[in-house]
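Start from chain A and add chain B according to the hints.
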Amino acid sequence: MRIFTLTAVLFLSAFNINAQNSCLDALLITAGLRDVDSIDGPEVPLPVCSTGGDNATAGEWFKYVPDATYLVTVSSNIIENAGADTRFQVYSGDCENLQCIGGDDDSGTGFLSIGNFTAIVGNTYYIAWDNNWDSNGFVFSIAEEIFVVPAVVFSNLPIAVEGSSICVVDMNGDFLDDVVGVQNSNINLHLQLPEGGFEVQNQETQQAAYLPSWSIAAGDIDRNGYNDLLYGGGSGVSFMLRNNDGAGFTQVYQTQYVFSQRSNFVDINNDGHLDAFVCHDVQPNVYYINDGEGNLTFNQGGMGDTFDGGNYGSIWVDYDNDGDSDMFIAKCRGGNSPANINQLHRNNGDGSYTEIATEAGLADAVQTWSSAWGDFDNNGFMDVIVGASSFSQGAHKFMYNNGDGTFSDKTLNSGYDLLNATSIEYVAQDFDNDGFIDVLGAGNSIMFNNGDLTFTRTQTGFGNGPIGDLNNDGFLDVVNGTTVKVNGGNNNNYLKINILGTVSNINGIGARVVLYSALGKQIRDVRSGDGFRYMSSLNVHFGLGQDSEIDSLIVTWPSGIVDAFYSPEINTTFLAVEGDGEELPGIPNSVNDANKIELLVYPNPASDEIFITSNSPLDNAIIRIFDVNGKLISAQRLTQSTVNISALAKGAYVLQLTTNDSVTERRFVKQ
Amino acid sequence: MNLRLLTSVLLCTLMIACTRDDDPTPTPPPTPPATLVVFDPTLVPYQTLSEYNFYKGELMNMEPQDDVLPYDLITPLFTDYAKKKRFVWFKAGSSASYELDSEIFNFDDGAVIIKNFYYDNVQPKGVQRIMETRLLYKLNGAWNFAEYVWNDEQTEAHLDMDGSYRNISWLQDGELKATNYRFPSEAECLTCHKTSSKPMPIGPKPQNMNKLFAFNDGVKNQLAKWAEMGYLTGNIPADISTVAAWDDELQPLELRVRAYLDVNCGSCHKENSHCDYRPMRFAWIETINPQNQGVCVEPDETLDPTFTHIISPGNVNRSMMYYRISSTDEAVRMPLLGRSIVHEEAVQLITDYINSITEPC
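Chains as they are written, first to last, in the working numbering: chain A, 478 to 1148; chain B, 601 to 961.
I should point out that these hints are in silico values taken from the structure, not numbers from a laboratory.
Cβ coordinates follow ideal geometry from the N, Cα and C atoms, glycine included.
With the Cβ distance kept under 10 Å, some of the chain B side facing chain A (calculated, not the full set): (1) 785; (2) 788; (3) 794; (4) 868; (5) 873; (6) 875; (7) 876; (8) 877; (9) 879; (10) 901; (11) 912; (12) 915; (13) 932.
Excised from the complex, chain A in its bound form:
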C-alpha cells in the first residue's frame, strides 16, 4: 500500500506541475498530489463516465501507468479544496477510442470528487478533470492500494439507446437479452448478437397513447414468438403488440383512467393466456384478461381494492409453494390513509384471490414502492426485503418465510438494519453467482447476500435499471440510461435457462424453477415485472458458486405440468420446454403439442366437485382420473361442466380429458 502523506503533498505541490490540455498531451503522473491551476484545456473529456450531465467545455488531462495492479483512488476530497465543485473521468484505450473505466462527481464532501478504479499493470489510463461545474483550480491525489478481488466489478459500456432505456428482454425470439428504448412513436431495439455486440433496429409505432413513464412489462401475449410490451402511463395503459413477422408493432389501448405504477404480464386466471396487471396509484388495481383471441378485457376490482389506491409494486410470487402465483403489493401513501398497508393476495387456484397480508405478517405500513422477493437462504421458500422508499413510517424489513404461510422479521443484524439509504427500486438477483440472491436497490449499492441471512453493502456507484445478461457471459448486467454496467464476473459457475411454455403461457411466466446442486436447492419464479419501473430479462439465472455440476432442474409450469431435467451442463444456457422433461415419479407430464386444448379445471384444491371449462367443445369428452402413480381411478363421459370427486381420497390426481381430437391433462388436489 502506498498512500501519500501531507509532506509528500507539499513537496510535490512545490513543483506546480500543470496538467495538459488534451488527451494526446496528457501528463504522465504517478501516485501523489497534483495541482490543477484551472481547467482550460480545449479537449472536453468525453464520454462522460461519471454522473452530472455534459455541460463541460474544457478539460485537464493526465496519464497514469501502474507498475502493479492496484485499486487506484482519485480524489479531490482534500481540505484545501473546500467549496470547490470538481469532476473527473477515467479512461482506458487510446485517445482516439477512450473507454470509460471510472470517474466521479460528488462522492466527496460537498461537491468534491472521490472514486476508484482497478488499474491493471502495464495498461495506460487517462484521468481527465472537466469544468462541468466550475473551472477553478484545485489539488487532487492519486493513491494506490493492493488490489483485492471484489465479488464482481462493473465496468461501463456506452450504448446509444434512444428514448427511455427501461427494458431488457429478448425482442427477436433468440432468447438473448436485448435493450429496448421507448420513444413516442418508435421502439429503438439494440438486439444482442450471438457473437457479442448489438444490432440496432428502429421500429416505428403509432404515437403511443400512453408512454411507459411509470413502468413497462414484456410478454408474448399473442403467442407469436415475439414479446409484446405494456406501457404503464400516468393516465392510461397502452399495449404495443409485436406483429407476427416481427416487423413493427400494433398499438391497442383503452381510455380508462389508470394512474399506472408497476405493471406485469401474468396468467391471472390460469387459462394459458397471459393477462396484464397494472397497479393503480389512486384507485383499485386494474387488469386485462386475455381470451386468447386477441381481446384484452379491462377489469377493475377484486385485486387490491383500496379505494384511493396506494398500489406501487405488484410482485407475482408463489409464496406458499402451492404451484400458482400469488401477488404481493408494495404500497405507499401519506395522509394517514390505510392505502399504505402492504397486501398479499393469495391465489386460491380457482381464479380468485384472497388478501391475507395480516395473517401472513406482511401488512406493513412501511412506505415502499417495490420489494425484493427471493429465497435468501435457499430453504425453498420465498422471503422478501420490504424496501423503504422513505423512513417516515418504518425502515427496511427483511421478512423471512416460515414455510407455513407466515413471515418473521429478521431485519435485526441482517445488514438491512444499517442501510440508511432509500429507493423506489429493490430487485433480487444473484449478481456474483455465488448461489445466494443479492438485492439491487438503495444507495447506489448491491446488498450482497452472505448466505447466512445477512447482507453486506457494496457501493457500485450506480442505481437500478433493467437487468439482464447483455454479453451472454452468465453474469447479470444492469442498464443505466445509455450505459451498460457490465458485470465483470468471477470464477463462479452459473446456469441460465430459457423458458418455453406449450400448454402454459409461452414465456412460462409464473413457472417455479428449482435447481438442485451440491449447494442445495435454489428457487426462482419466472416474473414479468419486478422492482418498480423496469422490465428485466425473462430468462432464469442461477449462480452456482463453485459447484461444477447440477443434479437436476425441476420446472413446475402454471399448467401444473412438472418437468425434470437432469444434469444440465454448467456455464451454459439451457432450453426448458414445457413437457420435454422427464416425469418426476408419479407426476405425468406428457404433452402432445398438436393434440392439446385450452382447459381450465378449478377450484384447486377441491373437495366435492371440480368445474371444467374450455374454449373447445367438450360434449361427450371422456374424463379419466389417475392417481399420482398413474393408476386409473375413474372414467366417465362429461355431460355437464362439473365432475363429482367427493368419493376420492385426499391427495393429488391427474385429470385427463379426451375429445375426438385431443388429449389434455391437468393436475388437481382433492382436499
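This is chain B only, laid out in the frame that chain A set:
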C-alpha cells in the same frame, strides 16, 4: 408599479376598516333575494352545467347570477396557463365560517364552488375557449366533485367524471403554446383535493383570499364582501397571515416562492397529506423554516446523484426542485397532476430564489 402600491395601501386600509370589531353599528346582512340558481340536493350532479342556472344569459359569457359571487386567489394554481373564473354560491341560509388563516373555511351544506378553466387567443381563430367547469359542492357534511367538459360550440358543458384529453393551442403573451389538455377523472380530482382521504377544496382559505377584488358594486376586500353577502359568518381576525402574489415583483422573492409552493405543491406536501412521507413541507405556514422548503435536504429518491438536495444553495443544476418543475416527463415532473407543460415564469422564480441562497449546506 404605482397601481400595485395603491392596491396594497387600499388593502391595508380596508382590512383595518372592515375587521374593526368595535364598530358600534354593524350593518346587518341584507335579506337575500330568492335565488335563481337551481340546486336540488337529490338531483345533483346534473348532466349539464346549464341546469344549475349559475349564469345569466349565454352560458359562455359566465356572467354570474346576483348570488353567485366571483372570487380570486392571490396566488393561483398553475394549470398549463389556463385562466380561471371562480365563483361561490350558497343555498339560502348556508354560509361558511373562519377556522384558521391557513385552513379552508368551514362551509355549510349547500355550498358550491365553481371554477371555470379557459384560454384566450385560442388558435386558429384567436378566440376564447372555455375548457371545463369544475364544481365542488357540499352535502351531508361531505364535499363532492362534478366535472363539466365544454363542447366545441361553447353552448353547453356536460358531466364527465371519467377523464379525457383535448388538444389545444393558444397565444400566450404573443407566444404560441400548445398542450394536450387533460380533463380530470374523479380519481384525479380526489388525488389533489383531499384531507385524510376525504374530498376538500384547496383555494378558499383566508390566506389566499385576503385581497381586493373588483365586484360589480365596487372594489372590496373579498373577505369583507363574503361577510357582507352573509357567506362568511362569525369573527374574522384583523391580522391574517396572507400569502404573497407569486408574480408581484415588489414582494420579497422568498415570500413569492413560498406562496407559489403553497398553492402548487402544498396540498400534497404538507402534514397529513398525500405525500407527507417525503421530507418537504410546502404549506405557507410551514415554509417559514427553509428546511421545509427543501433547502439542503437530501432527496429520498435519487433520480440522479447529480441532484444532491431538494434545493442546493446557489446551484439549480443540483436542485431536485428545479429539475422536477422544469420537466414534462410525467414520472419526473412536479406537480404530478394539473401540469403538462413547463411554467416558464415559475421556473425563473425558483431559479432566482435558489441562486439567492448563498449559505452552503
